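Colleague: Quick note: the sequence shown uses the numbering used here, first residue 38, plus one each step.
No lab work stands behind these hints: they were computed from the structure. Just so it is clear, the structure is predicted and the values come from calculations on it, not from any experiment. Think of the CB as a built atom: it goes at the ideal place given N, C-alpha and C, for glycine as much as any other residue. There may be inaccurate statements among the hints.
[What the hints assert, rightly or not] Capping the alpha-carbon separation at 35 Å, the derived lysine-lysine pairs in DSBU-like fashion look like this: (1) Lys73 <-> Lys48; (2) Lys43 <-> Lys310; (3) Lys98 <-> Lys73.
[Unchecked claim] Simulated restraints on C-beta separations: (4) Asp429 <-> Gly352: 23 to 31 Å; (5) Glu443 <-> Pro280: 47 to 55 Å; (6) Lys97 <-> Glu384: 45 to 53 Å; (7) Ser265 <-> Pro455: 36 to 44 Å; (8) Gly348 <-> Glu226: 24 to 32 Å; (9) Lys222 <-> Pro455: 33 to 41 Å; (10) Val120 <-> Glu395: 50 to 58 Å; (11) Met93 <-> His165: 20 to 28 Å; (12) Lys73 <-> Glu384: 41 to 49 Å; (13) Met292 <-> Lys73: 18 to 26 Å.
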Amino acid sequence: MNVIEKLTVHKSERLGECYYTVKHRSGLDVLIFPKKLSTCFAVFGTRFGSADMRFMIDGKKYRLPAGTAHFLEHKMFENADGVNSDEHFAALGAEDNAYTNYSYTRYMFSATENIGDCLAELLRFVTHPCFTEENVKKEQGIIEQEILMYRDDPYERAMDNCLGAMYSSSGVRESICGSCASIRKITPEILYRAYGAFYGLDNMVLSVCGDITPEEVLAVCDRELPESTSAAPRIKREDADEPVAAVKSRTVCRMNVSRPMFFIGVKDIPAKKGEAKLRRGLAMNILNNMLFSGTGEFYNRLLDSGLITPGFAFGYSAGDGFALNYFSGSSDDPELVFELIKEKTSEACRGLDRDDFERCRRASLAQYVRSFDSTSDIADDVMLSAYYSDSDPFLIPEMIESLTFEELSYIPSELFLPERFTLSLVLPL
Numbered sequence: 038m039n040v041i042e043k044l045t046v047h048k049s050e051r052l053g054e055c056y057y058t059v060k061h062r063s064g065l066d067v068l069i070f071p072k073k074l075s076t077c078f079a080v081f082g083t084r085f086g087s088a089d090m091r092f093m094i095d096g097k098k099y100r101l102p103a104g105t106a107h108f109l110e111h112k113m114f115e116n117a118d119g120v121n122s123d124e125h126f127a128a129l130g131a132e133d134n135a136y137t138n139y140s141y142t143r144y145m146f147s148a149t150e151n152i153g154d155c156l157a158e159l160l161r162f163v164t165h166p167c168f169t170e171e172n173v174k175k176e177q178g179i180i181e182q183e184i185l186m187y188r189d190d191p192y193e194r195a196m197d198n199c200l201g202a203m204y205s206s207s208g209v210r211e212s213i214c215g216s217c218a219s220i221r222k223i224t225p226e227i228l229y230r231a232y233g234a235f236y237g238l239d240n241m242v243l244s245v246c247g248d249i250t251p252e253e254v255l256a257v258c259d260r261e262l263p264e265s266t267s268a269a270p271r272i273k274r275e276d277a278d279e280p281v282a283a284v285k286s287r288t289v290c291r292m293n294v295s296r297p298m299f300f301i302g303v304k305d306i307p308a309k310k311g312e313a314k315l316r317r318g319l320a321m322n323i324l325n326n327m328l329f330s331g332t333g334e335f336y337n338r339l340l341d342s343g344l345i346t347p348g349f350a351f352g353y354s355a356g357d358g359f360a361l362n363y364f365s366g367s368s369d370d371p372e373l374v375f376e377l378i379k380e381k382t383s384e385a386c387r388g389l390d391r392d393d394f395e396r397c398r399r400a401s402l403a404q405y406v407r408s409f410d411s412t413s414d415i416a417d418d419v420m421l422s423a424y425y426s427d428s429d430p431f432l433i434p435e436m437i438e439s440l441t442f443e444e445l446s447y448i449p450s451e452l453f454l455p456e457r458f459t460l461s462l463v464l465p466l
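Please put together the full structure from these sequences, using the hints given.
Modeller: Below is the structure:
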């Protein structure tokens, strides 16, 4: 049986969409979503993020310097011939990018032509690392400048300080880029060790969406990827022993800003299973919009009084071993904003409005359905989010509809406890 015959077909009559999945002979999971739009978008991802600094392989413990995953992402674009893969994509008329968060690293491109060649380049450069003493040392200088740039960004400082105050041992305490001191510890040997542990094709996934067939995608995979010949290393991430409460309730630093910045975190207990994590995220999206959306009473009251600016933001973030709700923005009186947010969440503990729930649940469902109009949203947000949650993206509308008012009503009294909050301030010098 050839690989085409092993394709699993997923159809949604409701959405009028269809996608395919297959385990390639290399061990790589491949997700293909044919969509007749102007661009094709592909993401090649690995479950290796900045928080993955402590792990075991076959019982042996390893510790990586902070910032290793991000450093590795930068170095992957450099090829043995000295030509950066950015140049190859540009010559093909494509835009490429990559990013690292706390849990994953993803490499991607968007193109309107030469799709097969672009896909081959994506697979080729991510599966052929080239780390030398010279190019690692050069990259250390580049990333040091990036770290210093982020250190000068008040929002990034407020967020990093908040996570550092909330958590005691989780890898999210450290900046995704690491520190100038930690990246100086990175060597070619460390990068190859991290690559060998986390960049095995059976720890990775390829998601492609655009005007392309499964046969075309898999033909490129057959050409570029070797057949799997050995078992993957057994990686065990070291679980952080985290208290339920935030470690510190407050952190303050001063920078050259004209107006105070704030980042407020509310520590949640992370769900153990992927689907439970996905459901929690969907529920929190609805709850946040019920309480803090730009069309709501709370937001407009604070905006009209000048306490916040239109840049006020909120959301829910969860990964391996961490989860939090957050609020960020600038204010002349961030302490008062903090108190008002706590008042609003305390009010939610006493009860929610059923009509608000129904309205926000419908809006969440409509937003999800609209994401199927974009190849980048489908390949990255829809497909990979469902994949990493061991779920089917076509079942998420049903999951949103299955959320009940009673289920959401239980969350505030469970989550918005005083000991879960951390206030991070960046004040003017």
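Colleague: Each hint: holds or not?
Modeller: These are the hints, each one checked on the structure:
Between Lys73 and Lys48 the CA atoms are separated by roughly 16 Å; this keeps the pair inside 35 Å, and the hint holds. Straight-line distance between C-alpha atoms of Lys43 and Lys310 comes to about 27 Å, which keeps the hinted pair within the 35 Å bound. With a CA separation close to 47 Å, the supplied pair Lys98 and Lys73 exceeds the 35 Å bound. Between Asp429 and Gly352 the CB atoms are about 24 Å apart, so this pair conforms to the stated range of 23 to 31 Å.
Checked against the hint of 47 to 55 Å, the C-beta distance between Glu443 and Pro280 comes to roughly 29 Å, which is inconsistent with it. About 51 Å separates the C-beta atoms of Lys97 and Glu384, a value consistent with the hinted range of 45 to 53 Å. Between Ser265 and Pro455 the Cβ separation comes to about 51 Å, which falls outside the hinted range of 36 to 44 Å. A beta carbon spacing of about 43 Å between Gly348 and Glu226 contradicts the range 24 to 32 Å that was offered as a hint.
Hint check: Lys222 to Pro455, Cβ distance near 39 Å, so the stated range 33 to 41 Å holds. The beta-carbon spacing between Val120 and Glu395, approximately 55 Å, falls within the hinted interval of 50 to 58 Å. Evaluation of the 20 to 28 Å hint for Met93 and His165 yields a pass: the beta carbon distance comes to about 27 Å. Between Lys73 and Glu384 the C-beta distance comes to about 48 Å, which sits within the given range of 41 to 49 Å.
One distance hint, 18 to 26 Å for the beta-carbon pair Met292 and Lys73, is violated here, with the actual separation near 49 Å.
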